[in-house]
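Start from the sequences, fold in the hints, and give me the full structure.
Heads up: the sequence lines are chains A and B, in that order. Everything in the first sequence is counted per my numbering, starting at 1 for the first residue and increasing by one. Everything in the second sequence is counted per my numbering, starting at 1 for the first residue and increasing by one.
If you are wondering where the hints come from, they were derived from the structure by calculation, not from laboratory data. Treat the hints with care, since some could be wrong.
Stated by the list, open to error - With a cut-off of at most 30 Å between alpha-carbon atoms, the simulated DSS-like pairs for lysine-lysine come out as follows:
#	chain 1	residue 1	chain 2	residue 2
1	A	18	A	57
2	B	1	A	55
3	A	13	B	68
4	A	3	B	110
The chain contents come next:
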Amino acid sequence: DVKVTQSSRYLVKRTGEKVFLECVQDMDHENMFWYRQDPGLGLRLIYFSYDVKMKEKGDIPEGYSVSREKKERFSLILESASTNQTSMYLCARGTANGVVFGQGTRLTVV
Amino acid sequence: KQEVTQIPAALSVPEGENLVLNCSFTDSAIYNLQWFRQDPGKGLTSLLLIQSSQREQTSGRLNASLDKSSGRSTLYIAASQPGDSATYLCAVRTTSGTYKYIFGTGTRLKVLA
Numbered sequence: 001d002v003k004v005t006q007s008s009r010y011l012v013k014r015t016g017e018k019v020f021l022e023c024v025q026d027m028d029h030e031n032m033f034w035y036r037q038d039p040g041l042g043l044r045l046i047y048f049s050y051d052v053k054m055k056e057k058g059d060i061p062e063g064y065s066v067s068r069e070k071k072e073r074f075s076l077i078l079e080s081a082s083t084n085q086t087s088m089y090l091c092a093r094g095t096a097n098g099v100v101f102g103q104g105t106r107l108t109v110v
Numbered sequence: 001k002q003e004v005t006q007i008p009a010a011l012s013v014p015e016g017e018n019l020v021l022n023c024s025f026t027d028s029a030i031y032n033l034q035w036f037r038q039d040p041g042k043g044l045t046s047l048l049l050i051q052s053s054q055r056e057q058t059s060g061r062l063n064a065s066l067d068k069s070s071g072r073s074t075l076y077i078a079a080s081q082p083g084d085s086a087t088y089l090c091a092v093r094t095t096s097g098t099y100k101y102i103f104g105t106g107t108r109l110k111v112l113a
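Have a look at this one:
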């Protein structure tokens with residue numbers, strides 16, 4: 001089974017901190033995605049990447065950036081965390097056979 | 001712009017009932033459609049994937065159908081069980097350029113024992 005692993009299940013950070021959410025896949029897939037999930041709003045795409053050092057903005061990129069230095073690792077960066085970024089963050093990798101998700105990171109910004 | 005809708009938002013049924021969950025999308029130019037299950041506080045688990053050239057897929061008690069021309073997919077769950085209680089989401093993969101997945105907001109299912 002292909003695995004997508006997110007480094008933390010739960011995180012608590014302070015307002016203004018720089019936050020890194022790490023995601024690693026165990027196969028050589030190009031396409032990776034970061035979503036956030038909020039009640040009533042569903043999954044919203046933040047950024048995605050189709051190759052090393054390549055990235056594209058999703059629907060809600062403001063306040064976020066990403067890094068993809070190696071194919072297997074796709075990091076989401078909150079430049080200066082704010083309380084409205086409290087959410088469930090989900091990383092995924094995609095292929096022609098569908099999208100596979102990590103277990104999610106519940107981030108709370110206080 | 002592709003939009004995906006799932007109705008109803010929530011559903012409660014007695015154990016043993018057969019049920020249908022609905023997913024609608026506005027642009028029929030999709031590469032595939034995927035159904036997921038999500039338990040509270042967890043990630044998404046893939047249930048079924050239907051390629052754009054297919055009409056349906058089956059796995060155990062689950063059957064998913066796809067009608068691209070009408071922009072609809074259904075997930076049929078036979079003989080529901082309390083363990084089926086979860087949120088069910090559908091997603092379409094776009095065809096244009098660098099692809100992405102567009103999700104519905106999900107149907108929260110509760111199966112009562």
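TODO: Return the numbers of the hints above that this structure violates; sort them in rising order.
DONE: 3
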